[in-house]
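**Q** Next come the chains, spelled out residue by residue.
2 protein chains.
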Amino acid sequence: MSLVTVGSVAFDAIETPFGKTDKIIGGAGTYIAFSSSYFMDKQNIIAVVGDDFPKEMLDKLRDKGVNLEGLQVKEGEKTFFWSGKYSNDMNTRDSLVTELNVLEHFDPVIPASYQGCEYLMLGNLSPEVQLNVIKRLDERPKLIAMDTMNFWMDIAMDDLKKALKEIDMLIINDEEARQLSDEYSLVKAAKKIREMGPKYLVIKKGEHGALLFHGDDVFFAPALPLEDVFDPTGAGDVFAGGFMGYLASTDDISFENMKRGIIAGSAMASFCVEKFGTEKLEALTKSEIEDRIQKFVQLTDFDMNHSV
Amino acid sequence: MSLVTVGSVAFDAIETPFGKTDKIIGGAGTYIAFSSSYFMDKQNIIAVVGDDFPKEMLDKLRDKGVNLEGLQVKEGEKTFFWSGKYSNDMNTRDSLVTELNVLEHFDPVIPASYQGCEYLMLGNLSPEVQLNVIKRLDERPKLIAMDTMNFWMDIAMDDLKKALKEIDMLIINDEEARQLSDEYSLVKAAKKIREMGPKYLVIKKGEHGALLFHGDDVFFAPALPLEDVFDPTGAGDVFAGGFMGYLASTDDISFENMKRGIIAGSAMASFCVEKFGTEKLEALTKSEIEDRIQKFVQLTDFDMNHSV
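Going line by line, the protein sequences match chains A and B.
11 is the number of the first residue of the first sequence in the numbering used here; add one for each residue after it.
11 is the number of the first residue of the second sequence in the numbering used here; add one for each residue after it.
Some clues are possibly wrong.
One copy or two, either will do: identical chains are not told apart, so a pair holds if it fits within one copy or between any two.
Cross-link-like lysine-lysine pairs, in silico, DSS-like; alpha carbons within 30 Å at most [what the hints assert, rightly or not]:
no., residue 1, residue 2
1, Lys-70, Lys-202
2, Lys-33, Lys-305
3, Lys-201, Lys-84
4, Lys-152, Lys-172
5, Lys-290, Lys-215
In short, the hints are calculated from the structure, not lab data.
As the structure is a computational prediction, the values presented were derived from the model and not from experiment.
The whole structure should be built from the sequences, with the hints applied where relevant.
**A** Take a look at the structure:
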């Protein structure tokens, strides 16, 4: 089944306790596309870059089966750039530089070949852009998932609330869920957020795993305990990409299959944090991914055959 | 199989965002004994109280099958008292009052009927007391598990290191694991701590679940997502009590059975936080506990039958 991803394709500069990078390739769209590419031969991206964006990186995405027809290259303009520094425990980060550049007036164009897509992943962008993509699709996809962040809750809550009514699933982190719902308890937050629109909610808790809510069902997947988290940048997008790639490739949105998607996404995220940027994600093998998924099975599997 | 628990039987006064209590019954030994009582008809406690400790509470423990022969009542002395206040998010707490009283010179006495016990749970007490209990047992139990806290790492690290060499399993929280190992990564911390002695290590992460390490095996159990955490006091002890009660009652210390024990302990802890103090733990039914364990199965169960 076809997957369309909307998201930034960008430059990042990252500093962690383990080192720092020059300008490297980043952006939610890039991370989502790389991650989902391991589950699908073909997919589609909607994004915008400046003419400073390296052709080789676009070739790498093409090699992974990513259709770039919907990626606009703006002559004479610069690509979105973000720079951030992580704290020693990696649990917080400060944005040092945010240059919107081409993202400031991003007007998403949907190529005819993308129409009729069954799965839509709206990466973290302004809710206005996210809404425009939904409006410009001739048919409603089978599953629309969306990410967002605190920033949009601060400056564009009205648009965000409109977007929430149009989607099936919201994928955000615990801090964002708390801000959006004004509830500390994630169970209460989940209830309130689903009343705002999305039937499905994923709350990512970083190193503490992820929760999936739907109706009265809750599923929890841990993060893989790792010796070192080298660079958490993009892990949430990689999670979403693995999840959506898995769902689209299996074309099954039952709760049971969504659980498997959560595990697939968690496995992909565990690779992402092992190196700076997209490095680790560019060259994984299917057997590495299958082994990693088996680690999640081993980590969580128990058989409660004894009664109390 | 027989279980001996050493731990404080005490008074607590607790303040949470949901309310505050007068002096109520608390103490690691009390929580462990109540929790394990649901898995075993009979067990044994080693502890000390003053003559101010209410007889009714001792009767409640006796009713749960707890043998109090090893509980010393010191005439003319007062019971250990702790008072604490939780932050709004319940993730931190300040100790307001700590009166050691009878605990200051606690010299554990082991009744003859406790000798030959197969399972020993050393609740959080000074490492010297914990070591004395081990020394005073004629035969080494099949499994010795121990809790400790930052306080002992600050003031009695030498004794603590001696105790670590004598035990099979350490059960501590993430903060304690980080302090004991001087490692932030829990995977690295687990490696270092197991080099100090215990073959098995449980790291409790509060609302984020618990990890069990042994050899190259790791098991993770989440905490149950709850609408409200009313009072976290004792949850770690209740977890340990449920775990040890389960192991002792099934008399199986294989890794597979320890996983089940972790789930049993997690289920018991999820009850503990729903009310102040021991209230919820005093009157659970087996079917409530079985239902709660099933919630953990539902929360974590997935079947990864599709390949990538």
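**Q** Any hints from earlier that this structure breaks? Give me their numbers in increasing order, please.
**A** Hint check: 1, 2, 3 fail, others pass.
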